[in-house]
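Enquirer: Note that the protein sequences, when read in sequence, are chains F and S.
1 is the number of the first residue of the first sequence in our numbering; add one for each residue after it.
1 is the number of the first residue of the second sequence in our numbering; add one for each residue after it.
Just so you know, these hints were derived from the structure itself, not from any lab.
Here the structure is a predicted model, which means the values were calculated and not measured.
All C-beta atoms in this analysis are idealised placements derived from N, C-alpha and C, irrespective of residue type, glycine included.
Take the hints with a grain of salt, since some may be wrong.
[Stated by the list, open to error] Okay, the calculated bits of chain F under chain S, using three or more residues with CB under 8 Å as the criterion:
| id | region |
| --- | --- |
| 1 | 359-367 |
| 2 | 458-464 |
[What the hints assert, rightly or not] List of simulated lysine to any residue pairs, SDA-like, C-alpha gap at most 25 Å:
| id | chain 1 | residue 1 | chain 2 | residue 2 |
| --- | --- | --- | --- | --- |
| 3 | F | Lys-336 | S | Glu-447 |
| 4 | F | Lys-367 | S | Leu-462 |
| 5 | S | Lys-303 | S | Glu-447 |
| 6 | S | Lys-387 | F | Ala-356 |
| 7 | S | Lys-309 | S | Val-557 |
| 8 | F | Lys-395 | F | Met-422 |
| 9 | S | Lys-303 | F | Ser-398 |
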Amino acid sequence: MTETQRPLLEVQGLCKQFPGVRALHQVNFDVIPGEVLALVGENGAGKSTLMKILAGVQPPDEGQILIDGQPVSLANVNQAMDQGIALIHQELNLAGNLSVAANIYLGREPKRFGLIDSRAIRSASAQHLQAVGLQVSPDTLVGDLSIGRQQMVEIAKALSIDTRILIMDEPTSSLSQGEVERLFDVVRSLRDRGVSIIYISHRLAEIEELADRVAVLRDGENAGLLEKDQITHDAMVSRMVGRDVSRFYQRTSTPPTIDSDATPILKVTDLVVPDHPQHKVSFEIHAGEIVGMAGLVGAGRTELLRCLFGVTPPVDGDIQIDGTYTPIHHPIDAIKAGLGLVPEDRKEQGLVIDFAVEPNVSLASLKAHAWLGIWIDRQREQVEAAEGIKDLRIKTPSADQIVRYLSGGNQQKVVLSKWLVMNPKLLLLDEPTRGIDIGAKEEIYRLMESLAESGMAILFVSSEMEEVISLSDRVLVMHEGHLTGQVSGGDINEASIMNLATGIQAVS
Amino acid sequence: MNKTLGIFGLLIFVCLFTALFNPAFVSEANLFNITRQTAQYGILSLGVAFVIITGGIDLSIGSVVGLGASLLLLMISDWNIPPSIAIPCVIAVCALIGLVHGLLITRVNLQPFVVTLCGLLVYRGAARWISDDRPLGLGTDYESIRLLGSGAPFSYTTLAIGASVVAILFGLYHALVLHGAQASSEADATTTKSPKDSPSVALLQRWSWLLVGVLLLAFAFISPSSETKKASVKSATANLEASTDMDAAAAKASNTPVIKIKKDRVKNKITLEQRVSRPAFILPAAVFLPTFLTMIVGGWTSKRKVILKPMIASLLAAGFLVAGVLFLLPVYQSVIPGDLFSLGFADVSGRLVAGLIMVSLFAILASAVGAAIWLLSAAASCSPLGKALLPLTGFAGLLTLLSMTSLMSSMVPAPMLIMIALAVVSSVVLNCTVFGRYLKALGHSEEAARYSGINTKNTTMLAYVFCSTAAGLGGVLFALQINSVQASVFGNFYELYAIAAAVLGGCSLRGGDGNIIGVVIGAAIIQVLYNSITVLRIGDKLEFAIVGMVILCGVMVDEIVRNLVAKRALLKRDSNPDGPPAEAAGG
Chain F
1 MTETQRPLLE
11 VQGLCKQFPG
21 VRALHQVNFD
31 VIPGEVLALV
41 GENGAGKSTL
51 MKILAGVQPP
61 DEGQILIDGQ
71 PVSLANVNQA
81 MDQGIALIHQ
91 ELNLAGNLSV
101 AANIYLGREP
111 KRFGLIDSRA
121 IRSASAQHLQ
131 AVGLQVSPDT
141 LVGDLSIGRQ
151 QMVEIAKALS
161 IDTRILIMDE
171 PTSSLSQGEV
181 ERLFDVVRSL
191 RDRGVSIIYI
201 SHRLAEIEEL
211 ADRVAVLRDG
221 ENAGLLEKDQ
231 ITHDAMVSRM
241 VGRDVSRFYQ
251 RTSTPPTIDS
261 DATPILKVTD
271 LVVPDHPQHK
281 VSFEIHAGEI
291 VGMAGLVGAG
301 RTELLRCLFG
311 VTPPVDGDIQ
321 IDGTYTPIHH
331 PIDAIKAGLG
341 LVPEDRKEQG
351 LVIDFAVEPN
361 VSLASLKAHA
371 WLGIWIDRQR
381 EQVEAAEGIK
391 DLRIKTPSAD
401 QIVRYLSGGN
411 QQKVVLSKWL
421 VMNPKLLLLD
431 EPTRGIDIGA
441 KEEIYRLMES
451 LAESGMAILF
461 VSSEMEEVIS
471 LSDRVLVMHE
481 GHLTGQVSGG
491 DINEASIMNL
501 ATGIQAVS
Chain S
1 MNKTLGIFGL
11 LIFVCLFTAL
21 FNPAFVSEAN
31 LFNITRQTAQ
41 YGILSLGVAF
51 VIITGGIDLS
61 IGSVVGLGAS
71 LLLLMISDWN
81 IPPSIAIPCV
91 IAVCALIGLV
101 HGLLITRVNL
111 QPFVVTLCGL
121 LVYRGAARWI
131 SDDRPLGLGT
141 DYESIRLLGS
151 GAPFSYTTLA
161 IGASVVAILF
171 GLYHALVLHG
181 AQASSEADAT
191 TTKSPKDSPS
201 VALLQRWSWL
211 LVGVLLLAFA
221 FISPSSETKK
231 ASVKSATANL
241 EASTDMDAAA
251 AKASNTPVIK
261 IKKDRVKNKI
271 TLEQRVSRPA
281 FILPAAVFLP
291 TFLTMIVGGW
301 TSKRKVILKP
311 MIASLLAAGF
321 LVAGVLFLLP
331 VYQSVIPGDL
341 FSLGFADVSG
351 RLVAGLIMVS
361 LFAILASAVG
371 AAIWLLSAAA
381 SCSPLGKALL
391 PLTGFAGLLT
401 LLSMTSLMSS
411 MVPAPMLIMI
421 ALAVVSSVVL
431 NCTVFGRYLK
441 ALGHSEEAAR
451 YSGINTKNTT
461 MLAYVFCSTA
471 AGLGGVLFAL
481 QINSVQASVF
491 GNFYELYAIA
501 AAVLGGCSLR
511 GGDGNIIGVV
521 IGAAIIQVLY
531 NSITVLRIGD
541 KLEFAIVGMV
551 ILCGVMVDEI
561 VRNLVAKRAL
571 LKRDSNPDGP
581 PAEAAGG
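Hey, can you work out the whole structure from these sequences and the hints?
Expert: What follows is the structure in structure tokens.
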């Protein structure tokens with residue numbers, strides 16, 4: 001990187017505030033023509049927000065963006081496109097029922113006599129496809145292509161609008177090894193032609209291989225810039241982590257001493273989750289333990305919990321609950337065996353959002369407590385709801401309030417009290433504190449602790465590193481569908497978890 | 001609950017409007033017809049309500065009615081199977097149809113719309129095939145079994161006595177068991193918050209159901225058991241042959257009710273003065289007036305602001321109504337539609353004048369009924385006394401209106417008894433059983449229901465079974481009553497009436513919402529509308545248009561009110577993030 005090269009894109013003092021969250025704070029970086037700049041950071045470090053601002057999806061609160069030294073405004077996606085910035089999302093934005101050519105020119109079809117000039121589209125598309133080395137006919141339906149090839153179509157689409165800066169968000173997350181290689185070749189050839197690429201990925205090994213420079217974000221701030229010769233896995237991780245966890249929630253209880261001979265509450269052997277059929281997962285959880293499950297977004301943690309709970313039943317493998325082998329085909333089986341799941345999507349999965357508090361609390365236990373399994377025990381239902389409201393301090397005008405009109409934290413407490421009525425042996429929690437204010441978060445942490453003290457086993461998934469570190473007795477770490485290892489006791493720290501989560505240090 | 005009150009208001013409004021222009025609407029024979037049709041279609045609506053609550057739809061009801069009816073008559077008359085076996089067989093076949101629907105929808109994951117649309121075609125074809133497109137009928141052979149569809153076992157007075165006994169028993173249970181438990185639990189929960197009600201109000205609340213029961217009992221006893229008993233029975237039986245349904249089989253006979261009603265008017269000419277001077281009117285009116293005034297005065301003294309607007313609106317609307325009835329109605333009656341009408345300075349088409357009067361009275365009456373309901377609910381929300389008095393007041397008002405009709409001396413059609421039984425069972429199933437709760441939960445959010453360990457597939461399937469079974473039962477009743485089935489048209493469009501009644505009655509096609517009383521009222525509104533179009537001689541060409549508009553308006557108002565309520569609730573939450581105010585907690 002010579003000093004004389006003028007940056008193509010400069011970002012200066014970018015700030016973005018969301019209600020209750022500081023997503024970006026004084027972020028600066030620049031992109032030189034014809035380089036691959038990798039952007040790395042933990043979940044929630046601000047990468048997505050930054051990229052949305054650059055692509056014109058969201059406006060920044062403060063700061064400016066310069067292209068060729070001129071300040072520009074990127075108020076919407078079209079303005080960003082005019083400046084030559086294109087974003088390729090992790091989930092591709094292609095219409096599967098249209099041809100490759102039609103997709104490339106979707107929304108800006110060249111017209112002839114008021115009709116779409118399909119011949120022009122086809123010939124122009126063929127050129128762009130050649131540029132990305134994709135050998136398919138422009139008439140092929142996009143839906144018939146593999147994900148890797150669809151990605152190439154996206155890139156071809158970006159090239160067709162004279163893109164100078166191409167932002168790629170997790171482009172390799174659903175590609176096979178061969179497809180990844182091919183993608184890298186295309187990226188390199190684009191770079192050689194002078195296109196700048198902002199490459200966002202959780203896969204640090206890929207970045208080591210591909211990137212010319214690496215910008216690290218942490219908690220919405222710049223956390224360092226690595227030049228080509230400085231790019232190593234350790235250097236990146238050490239800049240990504242380094243948060244002060246001691247200010248976070250402090251556990252009051254001491255972790256239980258687990259008798260290794262005791263029967264575990266949950267013992268999973270060679271479980272094959274349908275979403276990641278190539279991996280087998282084995283682990284166990286004992287009574288009174290709080291086990292955190294860490295991993296980067298898309299590591300397959302939610303899928304694992306859903307599989308354990310029978311929402312997407314396992315393909316293969318054994319699940320033993322309290323020492324007995326338990327086949328789980330439906331949540332009914334899981335609940336019968338003493339499991340409860342606080343799902344990731346509170347509004348769609350956790351609650352019947354248009355029900356009042358009371359029927360939500362009783363929903364899972366309704367049948368078990370009904371007379372002959374038919375007649376609802378109204379009185380018991382009322383008592384359960386009242387107890388839930390009192391014990392979990394749910395702020396609601398009455399048990400008849402529709403849960404839609406409760407705040408996020410109180411909604412989550414309703415989900416929790418639904419399972420507490422059942423007194424489960426193992427409680428699975430998926431992102432239990434997402435979208436919840438600080439006060440309610442601490443109440444939920446305290447609740448989890450007291451439940452564990454009373455002998456319940458708890459397995460929770462969280463993308464917030466502090467949460468995992470300060471609450472867990474033991475942390476299971478996942479990476480791309482398989483369990484890369486676990487850390488426990490004093491070894492639980494950000495660096496050890498990140499090493500496992502980025503898939504570098506796999507424990508056999 | 002408010003929603004049910006709203007469409008009940010709509011029902012009362014349509015009835016009042018029709019009765020205002022043609023008193024024959026409230027004659028015994030006409031009320032018998034309306035209630036029988038309400039019962040027949042109501043049975044179909046109750047069935048489809050369960051499916052709609054799951055978020056599904058059943059378009060095959062009409063064809064199932066046709067198939068069930070054809071099959072029944074075929075079995076009895078051609079195959080000589082005794083009715084006591086044929087009827088259960090037909091209903092079982094229909095239940096099986098529902099099971100197939102449920103299996104296709106939950107196991108093969110087909111869309112309910114598609115499955116039942118195909119069903120609509122398949123069962124129609126099957127009915128035509130098995131009957132060979134012949135008109136089917138029992139003739140005069142099976143009179144006794146036909147009573148199931150066409151019978152009239154006793155008058156509404158008897159039904160009212162029965163209902164009052166139930167109300168009194170429930171009133172005792174409520175006062176002695178439920179109320180005590182409620183009071184003690186409330187005392188536990190919020191000892192400090194809720195202001196102590198005065199003892200008289202508490203007493204009133206405790207015994208209100210009993211009072212309602214006693215009032216109904218007294219009303220039933222003093223109601224004239226028959227005004228022109230012979231005439232009504234005769235016209236009811238005459239009507240059986242004429243079959244005044246709006247199905248195509250009876251299309252030719254669509255003029256019959258008008259003629260018959262005209263006859264009725266001549267026969268039982270009971271003037272308004274006579275009706276008003278009867279004890280059956282005086283008793284409920286004597287209960288209604290003082291309680292209503294007490295409610296308003298109670299509201300006025302406690303929350304003047306809330307009650308002022310509805311009071312002014314009610315007074316205005318009442319004034320307009322009186323003026324309209326006194327001045328416009330006589331003009332309407334004197335107009336001869338075909339002739340010119342002299343306004344003094346110009347001659348206008350009589351049809352135009354009649355139409356204008358009808359439209360203006362329509363608007364006046366609509367606002368009067370709306371204002372009255374507004375005033376009642378405002379008065380009830382103002383003071384605890386008003387809340388305690390509301391059931392009694394509302395009920396007395398209803399009986400006052402009823403006493404001006406011939407309903408109590410009219411006979412109860414047999415299908416009405418069957419529908420009431422079905423409605424009670426449905427209501428209990430929906431509100432008191434695990435199945436009913438599961439149905440509502442999965443209707444709102446199938447995913448959340450599954451995550452809570454509900455077998456959503458089996459629950460959904462049962463709803464389809466119930467729907468088709470009810471359609472089969474409806475088909476049996478229709479067939480027995482009409483006694484003439486042409487498989488190619490019998491039951492055409494019935495699914496749409498059933499769905500419309502359920503939607504009007506508060507079932508959301510999005511799933512989850514629905515209540516049984518609302519569905520029955522919805523079915524009644526549609527039948528009353530059809531009847532009033534005939535009675536008012538608006539012309540059956542406009543039938544569909546009018547029914548469609550009324551349903552559209554009903555659903556639209558409901559949606560607007562729902563959005564308003566939701567917005568208000570969200571505003572309330574956002575302004576009080578730390579929890580709602582204590583005032584709201586009292587409710």
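Enquirer: Verify the coverage statement for the region 458-464 of chain F against chain S, using a C-beta to C-beta distance below 8 Å and requiring 3 or more qualifying residues.
Expert: As far as the region 458-464 of chain F goes, the hint is violated, because 0 residues have Cβ atoms under 8 Å from chain S.
Enquirer: Taken at face value, is the distance from the CA of S/Leu-462 to the CA of F/Lys-367 at most 25 Å?
Expert: 17 Å, holds
Enquirer: Tell me if the straight-line CA distance from S/Lys-309 to S/Val-557 falls inside 25 Å.
Expert: 20 Å, holds
Enquirer: Assess, step by step, whether the Cα of S/Lys-303 is no farther than 25 Å from the Cα of F/Ser-398, and give holds or violated.
Expert: This hinted pair holds, its Cα atoms lying about 24 Å apart.
Enquirer: Below or equal to 25 Å on CA atoms is what counts here, so check S/Lys-387 against F/Ala-356.
Expert: With Cα atoms ~23 Å apart, S/Lys-387 and F/Ala-356 stay inside 25 Å; holds.
Enquirer: Hey, F/Lys-395 versus F/Met-422, does the alpha-carbon distance stay inside 25 Å?
Expert: Measuring from Cα to Cα gives roughly 22 Å; hence the hint holds.
Enquirer: Within a Cα-Cα threshold of 25 Å, do S/Lys-303 and S/Glu-447 meet the stated pairing?
Expert: 45 Å, violated
Enquirer: If you draw a straight line from the CA of F/Lys-336 to the CA of S/Glu-447, is it 25 Å or shorter?
Expert: 19 Å, holds
Enquirer: Just to make sure I understand the rule, a stretch counts as covered if three or more of its residues have a C-beta closer than 8 Å to a C-beta of the chain. Does the region 359-367 of chain F meet that for chain S?
Expert: Since three or more residues must qualify, the claim that chain S covers the region 359-367 of chain F holds, with 5 doing so at under 8 Å.
The structure fails hints 2, 5 (numbered hints given earlier, in ascending order).
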